[in-house]
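Undergrad: Sequence:
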Amino acid sequence: MSKGITSRGENYSQWYTDIVKKAQMADNSAVRGCMVIKPYGFALWENMKAELDRMFKETGHVNAYFPLFVPKSLFEAEEKNAEGFAKECAVVTHYRLKNDPNQKGKLMVDPDAKLEEELVVRPTSEAIIWNTYRDWIQSHRDLPILINQWANVVRWEMRTRLFLRTAEFLWQEGHTAHSTEAEAIEEAQRMQEVYATFAEEFMAMPVVRGRKSDSERFAGAEDTYTIEALMQDGKALQAGTSHFLGQNFAKAFDVKFANTNNREEYVWATSWGVSTRLIGGLIMTHSDDEGLVLPPRLAPIQVVIIPIPKPNEVIDAAADKVIAELKAKGIRVKYDVDKKKRPGFKFAQYELQGVPIRLGIGKRDLENGEVELARRDTKEKQNVPVEGLADYIENLLETIQKDMFQRAIDFRTEKTTVVDDFDTFKDVIENKGGFVSAHWDGTEETEQKIKELTKATIRCIPNDAVMEEGKCVFSGAPSKCRVLFAKAY
RNA sequence: CGGGGCGUAGCGCAGUCCGGUUAGCGCACCUGCGUUGGGAGCAGGGGGCCGCAGGUUCGAAUCCUGCCGCCCCGACCA
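In terms of numbering that gives the first Met the number 0, the first sequence is residues 0 to 488.
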């Protein structure tokens, strides 16, 4: 075990916190529930953001920005949405402070500066955006609107955890407007697939694509499409959601368009988002007791070169050549020339930070025309010829990416259990964890009962669920397909 | 919002029960020596409103009262 990192077996959530902090990703801040994202963690987020942004643009979306504040009257317009978020909203009530006459050097809220109307700090932006869309949409010719925004939102959560659930978090939210129901549904499903592709191909995190049950659906949505990942401790993580909003927001904000027959119709909507929570998912999918393990495609540093024992002219020259070749291939490489720290310390540090490939360049191997190469994911070490090294590394990065994904898939397969009776259901949820595939009668009552008895919830009704006759694992009532249950973050 | 725990140096902690020299240890940091193929070592050094505010006392990190903050476990949630 690494210095100062609690092992996963000992205490999984402490392990998680240790990783985030010791790998310099993020820290708690002076603000309750809000984190400071440190440069290394933010570099990871920037890489994720860059890929997602590219994928959004490839599917026809453009970026825009809407205000942080939502006037209360707009926020409450869509009742279900407002009700769903009401109890976790931060609210701005005043716009000025003044010197406290009773306490020198202290400030107080100026009671004379009360706002006419309170401003809600956005927990999500449907309200402010749909209020704006009303002015943008008159005709079917104005549709579709395909907009994304990168933003911060605030949800005043009772209990927070770095990246997984913070009071303020960074995310993107797509908000689209369409002239037909079918087009909006297609859009929502398309974005679910974009998220799934990103999770699997870049994060190497396998996800189940599915639909949410009524009770788990986004407040104000007609249908919520989700991607669900499975963490190493057997708990599920909702990694991204895409909502078909029907005409709910169009009706709430009176957004209509003239169709080709010049008849007024309400606009159809979607919204979809992923957040910095993905970083938590990334950590809990791949990392080990030595620290982070990052997939090559997202790692801020893909290859680190360590001079052994320390930089000198010969080693620098060899390193410079390798660096030039790697950079020519677009590989992110760092040469650690810190003379104060010894190689062993650096090895441990970069393992902690999850750098996929480490090269050790030293006199001994160099004389044989070789360098030492270590893989972070498998901890394997081997000597590799300097000749053709860049090509070798380019391939190896892809191999690591694939291997990490495959290991995560194997883990999920092993932790997915098909169950047909409730005793087994309880036993599996309690002792084995992971996904349980079981029949469900489709009622909210059953879902609620199961949650009370086992703490497991319906994560989704998988898109690829096979239609088959069955009996609900709890009530015995008829069921048409299996759904996935799990304890969730 | 319920249950538990903790606030002492940048970090991690001891000391608090049972009040008493100048508040201590490890890591980190600074200076120097030096070492280097897996987190070396040695010597010297700097850094504290002991969470905050009251109280008891000759004397408080330690006892009493009030407050504040943070963490963990539940219920709620991306």
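A portion of the hints provided could be inaccurate.
Quick list of the computed label-pair ranges, beta carbon to beta carbon [stated by the list, open to error]:
{"#": "1", "residue 1": "Pro66", "residue 2": "Pro477", "range": "36 to 42 Å"}
{"#": "2", "residue 1": "Glu115", "residue 2": "Pro477", "range": "54 to 60 Å"}
{"#": "3", "residue 1": "Gly343", "residue 2": "Met157", "range": "39 to 45 Å"}
{"#": "4", "residue 1": "Asp111", "residue 2": "Glu78", "range": "53 to 59 Å"}
Rather than coming from a laboratory, the hints here were simulated on the basis of the structure.
Fair warning: this is a prediction, and the values are worked out from it, not measured in the lab.
Note that the Cβ used here is the ideal one computed from N, Cα and C, for glycine as well.
Undergrad: Please test the hint of 53 to 59 Å on the beta carbon pair from aspartate 111 and glutamate 78.
TA: violated, 33 Å
Undergrad: Can the suggested window of 54 to 60 Å be confirmed for the beta-carbon pair glutamate 115 and proline 477?
TA: Taking Cβ atoms as reference, glutamate 115 and proline 477 lie about 56 Å apart, which means the hint holds.
Undergrad: Falls inside 39 to 45 Å, the C-beta gap from glycine 343 to methionine 157?
TA: holds, 43 Å
Undergrad: For the pair proline 66 and proline 477, does the Cβ-Cβ distance stay inside 36 to 42 Å?
TA: Once the Cβ atoms are compared, 49 Å apart, the range 36 to 42 Å for proline 477 and proline 66 is violated.
Checked against the numbered hints above, the structure breaks hints 1 and 4 and satisfies the rest.
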